[in-house]
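Enquirer: Chain residues, written in single-letter form:
Protein chains: 6
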Amino acid sequence: MFYTDGQLQYKVRVDSPNPLFAKHLQQAIGGVEGEIRVAMQYLFQAWSFRGPKRYKDLLLQTGTEELAHIEMLCHAVALNLEGSKEAVKEGVAAKSPIMQAMLGGMMPRQYLSSGMGALPVDADGMAFDMSNVYASGNAGADMYANVAAEATGRTLATRLYNLTDDPGMKDMLAFLIARDTMHQQQWLAVIEEIGGVNALPIPDSFPSDQENQDFNYTFLSTSTPDGPPPPEGRWSTGPSLDGRGQFSSEPARPLGGEPILPSPPPESMNQTAQIQSGGHGSPQLGSERPEQKGGGMLETVKDSMLEKAKDKLS
Amino acid sequence: MFYTDGQLQYKVRVDSPNPLFAKHLQQAIGGVEGEIRVAMQYLFQAWSFRGPKRYKDLLLQTGTEELAHIEMLCHAVALNLEGSKEAVKEGVAAKSPIMQAMLGGMMPRQYLSSGMGALPVDADGMAFDMSNVYASGNAGADMYANVAAEATGRTLATRLYNLTDDPGMKDMLAFLIARDTMHQQQWLAVIEEIGGVNALPIPDSFPSDQENQDFNYTFLSTSTPDGPPPPEGRWSTGPSLDGRGQFSSEPARPLGGEPILPSPPPESMNQTAQIQSGGHGSPQLGSERPEQKGGGMLETVKDSMLEKAKDKLS
Amino acid sequence: MFYTDGQLQYKVRVDSPNPLFAKHLQQAIGGVEGEIRVAMQYLFQAWSFRGPKRYKDLLLQTGTEELAHIEMLCHAVALNLEGSKEAVKEGVAAKSPIMQAMLGGMMPRQYLSSGMGALPVDADGMAFDMSNVYASGNAGADMYANVAAEATGRTLATRLYNLTDDPGMKDMLAFLIARDTMHQQQWLAVIEEIGGVNALPIPDSFPSDQENQDFNYTFLSTSTPDGPPPPEGRWSTGPSLDGRGQFSSEPARPLGGEPILPSPPPESMNQTAQIQSGGHGSPQLGSERPEQKGGGMLETVKDSMLEKAKDKLS
Amino acid sequence: MFYTDGQLQYKVRVDSPNPLFAKHLQQAIGGVEGEIRVAMQYLFQAWSFRGPKRYKDLLLQTGTEELAHIEMLCHAVALNLEGSKEAVKEGVAAKSPIMQAMLGGMMPRQYLSSGMGALPVDADGMAFDMSNVYASGNAGADMYANVAAEATGRTLATRLYNLTDDPGMKDMLAFLIARDTMHQQQWLAVIEEIGGVNALPIPDSFPSDQENQDFNYTFLSTSTPDGPPPPEGRWSTGPSLDGRGQFSSEPARPLGGEPILPSPPPESMNQTAQIQSGGHGSPQLGSERPEQKGGGMLETVKDSMLEKAKDKLS
Amino acid sequence: MFYTDGQLQYKVRVDSPNPLFAKHLQQAIGGVEGEIRVAMQYLFQAWSFRGPKRYKDLLLQTGTEELAHIEMLCHAVALNLEGSKEAVKEGVAAKSPIMQAMLGGMMPRQYLSSGMGALPVDADGMAFDMSNVYASGNAGADMYANVAAEATGRTLATRLYNLTDDPGMKDMLAFLIARDTMHQQQWLAVIEEIGGVNALPIPDSFPSDQENQDFNYTFLSTSTPDGPPPPEGRWSTGPSLDGRGQFSSEPARPLGGEPILPSPPPESMNQTAQIQSGGHGSPQLGSERPEQKGGGMLETVKDSMLEKAKDKLS
Amino acid sequence: MFYTDGQLQYKVRVDSPNPLFAKHLQQAIGGVEGEIRVAMQYLFQAWSFRGPKRYKDLLLQTGTEELAHIEMLCHAVALNLEGSKEAVKEGVAAKSPIMQAMLGGMMPRQYLSSGMGALPVDADGMAFDMSNVYASGNAGADMYANVAAEATGRTLATRLYNLTDDPGMKDMLAFLIARDTMHQQQWLAVIEEIGGVNALPIPDSFPSDQENQDFNYTFLSTSTPDGPPPPEGRWSTGPSLDGRGQFSSEPARPLGGEPILPSPPPESMNQTAQIQSGGHGSPQLGSERPEQKGGGMLETVKDSMLEKAKDKLS
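Protein chains in written order, with numbering that gives the first Met the number 0: chain A, 0 to 313; chain B, 0 to 313; chain C, 0 to 313; chain D, 0 to 313; chain E, 0 to 313; chain F, 0 to 313.
These are computed hints drawn from the structure, not numbers from a lab. Treat the hints loosely; a few may be bogus.
Unchecked claim - Cut-off 30 Å, straight-line C-alpha distance, at most; resulting in silico cross-link-like pairs (DSS-like, lysine-lysine): (1) Lys169(F) / Lys84(B); (2) Lys94(F) / Lys10(E); (3) Lys88(F) / Lys169(B); (4) Lys88(B) / Lys94(F); (5) Lys10(E) / Lys94(B); (6) Lys94(B) / Lys88(F); (7) Lys88(C) / Lys169(D); (8) Lys94(B) / Lys94(F); (9) Lys169(D) / Lys84(C); (10) Lys169(E) / Lys10(B); (11) Lys84(F) / Lys169(E); (12) Lys10(A) / Lys88(C); (13) Lys94(A) / Lys84(C); (14) Lys94(D) / Lys169(A).
Using the sequences and the accompanying hints, generate a full structural model.
Expert: Here it is, written out as structure tokens:
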């Protein structure tokens, strides 16, 4: 279970409150690279973990730390929103163009929905969607997902660092960037511990003789015949990284033939008869197109009109 | 910041693992009435709270407790999924119809996506969407939202209790139901503390003379003239609950006239000319429909066909 | 069933069209505190209502009134967008910085997707998600959800009122604010009618002897030992609001022990062997870490390199 | 299967990079009228197509072309974002108000999440949701959905064309607009081929004698008695478009009576007893309201207070 | 504004309550082809309509009718759920396999979240997402979207009709199917009125000389050289449907060359240096791969290991 | 741009059509570990790539291959759905319990929405949400995200392999599993090429002296004082993986003090006065709770009742 002491993990200070930065900071809270995501990801991985306790503890405790990061960032958003008071007070008809631009650049819901606070949304206002929380049960897969999360998270944090000149914000971000460094390192350390490249491919327990052995170390180039040659690199020659095969490269070619589905049953309500007649032939072949006899929308009209015209004129 | 001791808040025991119940339990994890929602809701309310510390602490500590409830439920899901091993092993072509029915009733992603673990989704597999986390900044509004969350949450927990005969699961749910009771009570206690009905309407700080005084204590019945009479009750006569007005009831009638929009500018790319001509008159009035002259899709075709037919026949 | 007279419930007038306000108004249409939400919420509650007709009528008729509010707000958005014609005409390369700022502050989709009209989205452009429509079947729970919806809705409306100086918009919002007052009151009136605090806890029909009696009136503080003391208030001493218990307060302590899951079955494809060996012990214990022998990613490489180096050098 | 030559289908040139336009272009990538949607829609229709090969090929090849349009638009976004370098460098505290306005008008995630690239989101930053991909299996229905997609898509493209003065962007859009013209035409051509109006109603294979024959060619006006008269037009008199009926028009009237649901079972946990007593009568009728005796929240309190007061005073 | 008489538009009767059908019916309520979608779509189109009143009334009144269809379907769901009482009562551990199968086939949230009522979700439990509501402001585009909505809606209704033998349900669906027929017809009637094919392409007001004239009536086949020939049909020869061009067909060829982006600025935090060195050349060319010197992850390790091995062995 | 030959990359054969497996296969199409995700992820990474062409080609061509995998899986779904004809024909009232169980286990929308075809949704019917497509612009971060995608994808494919006994399906999955092996390998090969651990941390270009140097190689344990000791492993001692620091481990302690926000401005509409008075003190301190005098909801009522009772009794 969980506890709180109501203190911040690291100091959060805003020297010059800036509502535009309050919008950008939302990405680190509710964005796909943000802290809600990693908190929930590590905790869900921990809660379903079926293995040694020390890995579970590592996940559980790191997920718990990430909760403190959401807390810090929410505080930072609220402090930056102090800078929006004037704009909100003057409103959309503010005389000063600066106030108008400020209101235009702000995130509407930080005022409308939360009265000057952070929201569990990204910098464009999209609510965080838990489908971005990955916990596959396979610890190897999850560790790579965690490295990726920390890598995109640290990239985001450095971009936020670039956007601000505020010493308080830079100090807070420098701390969060450091934590992302450590977290990248620690998930890589787990990868190393469980065998590194020797644990590949993930999952490692699938019997290799049941895997198709003709295509598991071959780069298949989907380039067209007159397109660029297959890209060459570490992936196209030499031993594979897992030491279990030799890389090669060849053009991708269709081995499966043409996919053909049977005609739909009447229950499918699929407009079958007309589609078939439109096809002038069997559904599977539909090959040559026989001479068409007036079947079209306009043609049909034309014919019946012609009849009526004949009647009319006669 | 936050801490964990890796222990469960209350014991979680499953006597007869049941994968069907593992699906139903998901609603209490990632459903809109579930624990992720209340955990995030109380924490976000706390993190943006601008008022007395003891209210903030109440939110923060209760949000922290809810994290422990997610943990308990995830453990319960994993234990129940132990009952699915056979079904998963036999697969979709299981000879036994019972195995097939079991696999048909299970949540596919509890095996496919998590390898026998809980997911941050509801009982139908929909990922939790953070737009369901309410933190308006107005403590009164938020307290009612919290009571509602605990009321729907307790209703859900009692329904889950109904569905199972497992003593371990019933014991766990009896604990969670008790916590929902307390949490309902504590948010109501805050409502009482801040003035109860005296703090209404929410927000209480909007100047009452700027509110339309003709419609703020009147039930407006949108029943049709031959429909049922306006429903009568506490809301239709007597003093209002906030003591600031007298309830009354009257039929809703349109006071705003017909909404009329100007024609769209060319930049709108709104098919203006044709729509207007289709309307045979000014866009605002569009009143009577003058005699139509062949403008329709079929008519147009008809006319030109008629011409051609004439030509052909002549 | 439903009828319309094509009239507005209350007059909607915009004196100074302002596209920036058109963006903010979206929150009252498609936001979680907005009118689509309450319309659908009351109607869905009514459509599944299993109780006295007058409550059902109250829900049905109020839901029907909310439809008229969406209509008013959509008209207000369209009228405000009249102010964007110039900006749209000049486009993103507008010479005037004012035009550029206006275009920057506008909601792109109000032009791109609707040609100067309202959308069923919130002020940040997020489409309304029907998971925010609560209809639990339990009338008590639903009434609290309805009070919460009207409380956040009225808070939103007053914030919008603050943002504008337009007399027409202020008049329209003063009407909507009044209706939110009444709707808050009427749902509270139903709560009172069905017993008020006597109907608690929700649901009231769960047998109280099946609820855990040790934790249903106790505030459990998740504060750390050196954290702040448990917050005290109406919720920590005295009789509970429902009169069924006595409030108390105590530190939350783990009663459930450590959650332990069995090893995963082979079908789980969970990288079991490597994780276990990484754990150097049984999955449940994983306690001390025995001397490591080259298991890591880099170590493995190192060893084989060493062998090769030896060969090479010898 | 699919191939690529790494070339653009049509040239993409940006003369004056404009980050504000980079935001607007997103609608054509990840918006509901955008290219991801049509690409996926045509491909999914093709992949499940059960009919003549030439229709399947038409869908498959057009879906493949749309992939090239996403590619072009992503390149256009990236080129336009070259214009944001200065704003990003100066950051949220930029001295120049122009830089601030530019940053305020930009889409935050085009920098924060992608480092100056396009995202699979719309112009308000909402991620594309695949529920907007329609593939019903009924080719007639799908063709109309495709015409609609190209019609809204072309409308969007012309609006984007209006917004920019950049010759390169105008040239690219003129190409995309032309392709939308052709695609509208080609789906209409399929409709004509499969019978046009003769293939209506969709699906055409439902036995007409099982359809309710009293209401299938009648416009039912839901106008109120004192509302506007039913709108008249091609749809209210004369032969129906499919030639199978005669249009008529009449007021909609309720034919189904009042919907009545039985009382909920105890398992529903629906607060039944209290709701019923609140209704003072049978749930189905709930007709007149008998004299109320203290049932309300405040009333209850009042009574017990009264007792206590009596005690106190005596 | 809107009114209700609390009556059903058409009778809803369930002879044999079937909880499995209650799940399937959800698709017609909250599915993308369902009634919430068309109700909201027609109403939003009406509320932003800038043209003749009779078209607006047509949209408004039809949208209002669709609300009555949601009402009917919700009642049908609730009546069908009467059949689930036994299964819910017995719970997940029901002795009878039939009860278990029934519970497995039911939608969990119809009990857990609504206590035996309908939800605004589709048949797989996904909440309706308002991004599926199309209202482009262009009446032509919207009419095609409306025809498509009614075509997929009627297809869905006939499939539901197939699934049930219940006379009451068949009768209700026969009514809804008839209304879908009429609604298809009426939107087509509007298309005819505003000019039919003469109003194409949509939008019709974009100046045709600004559209690329080389590609607006040409089918571009993305088939590979050795793939199938371009599909031939009404779309590949003859006059275009709008009478403004001649259809032709040709292979799609890349006209835009290779897309090249400049190197990212340092602010992009894009791992530039290493990617470039990995590319061993200029980012635009990245042509041949010069001899690699130890840059890889394993290589680097190898080298330093080699050094150490040398040291060790020496 | 892109081309298609209408052939399958690898043969897709179903020996015993199984509609239950058709549901499970959806996870590989529209699930977060599925093929739509990787196709879009690699293509979006390629389209915004700012670096050597051969990396861009690698991404572009692999993304193009993934499109062929969606195609294969959609064909597999349609073929498996052939097995559902009987169940659909018999409907929800099927006499045979096997038919009923089959219908209960099927995905409703594969019949209702697509007439026996695949959908862009996961195995629980949730539409794929493009927020799961990661393209950060930082090639290092993206490569780890790609490895993670292929690792979870291969895990999913092996789980699907477990579920089926169908030789055709096993053959197809053995091919897809092999491709996932290769794709894991190739993204790891890129990581090696760009420097492997030497390129860490990601992004590598952030100046290390601006990162907080006290916390970037330290595991911070959020365990409580009486909780488990910090987990030890490769991450807690020795050189960090990037060779730039030394791992250490220490308890996490709050360094940021208590977060305090100023009182909200009146514009926030935050119920300020009442919350403050409820707090009986200054918002920042809110320390001891002075004697309360009747402020609560019930208390207030009590008092006025008392007055009235006095009146009444006197």
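Enquirer: Indicate, hint by hint, whether the structure satisfies it.
Expert: To see whether the hints hold, each was checked on the structure:
{"no.": "1", "hint": "Lys169(F) / Lys84(B)", "result": "holds (20 Å)"}
{"no.": "2", "hint": "Lys94(F) / Lys10(E)", "result": "holds (27 Å)"}
{"no.": "3", "hint": "Lys88(F) / Lys169(B)", "result": "violated (40 Å)"}
{"no.": "4", "hint": "Lys88(B) / Lys94(F)", "result": "holds (29 Å)"}
{"no.": "5", "hint": "Lys10(E) / Lys94(B)", "result": "violated (44 Å)"}
{"no.": "6", "hint": "Lys94(B) / Lys88(F)", "result": "holds (23 Å)"}
{"no.": "7", "hint": "Lys88(C) / Lys169(D)", "result": "holds (15 Å)"}
{"no.": "8", "hint": "Lys94(B) / Lys94(F)", "result": "holds (20 Å)"}
{"no.": "9", "hint": "Lys169(D) / Lys84(C)", "result": "holds (20 Å)"}
{"no.": "10", "hint": "Lys169(E) / Lys10(B)", "result": "violated (50 Å)"}
{"no.": "11", "hint": "Lys84(F) / Lys169(E)", "result": "holds (20 Å)"}
{"no.": "12", "hint": "Lys10(A) / Lys88(C)", "result": "violated (48 Å)"}
{"no.": "13", "hint": "Lys94(A) / Lys84(C)", "result": "holds (20 Å)"}
{"no.": "14", "hint": "Lys94(D) / Lys169(A)", "result": "holds (18 Å)"}
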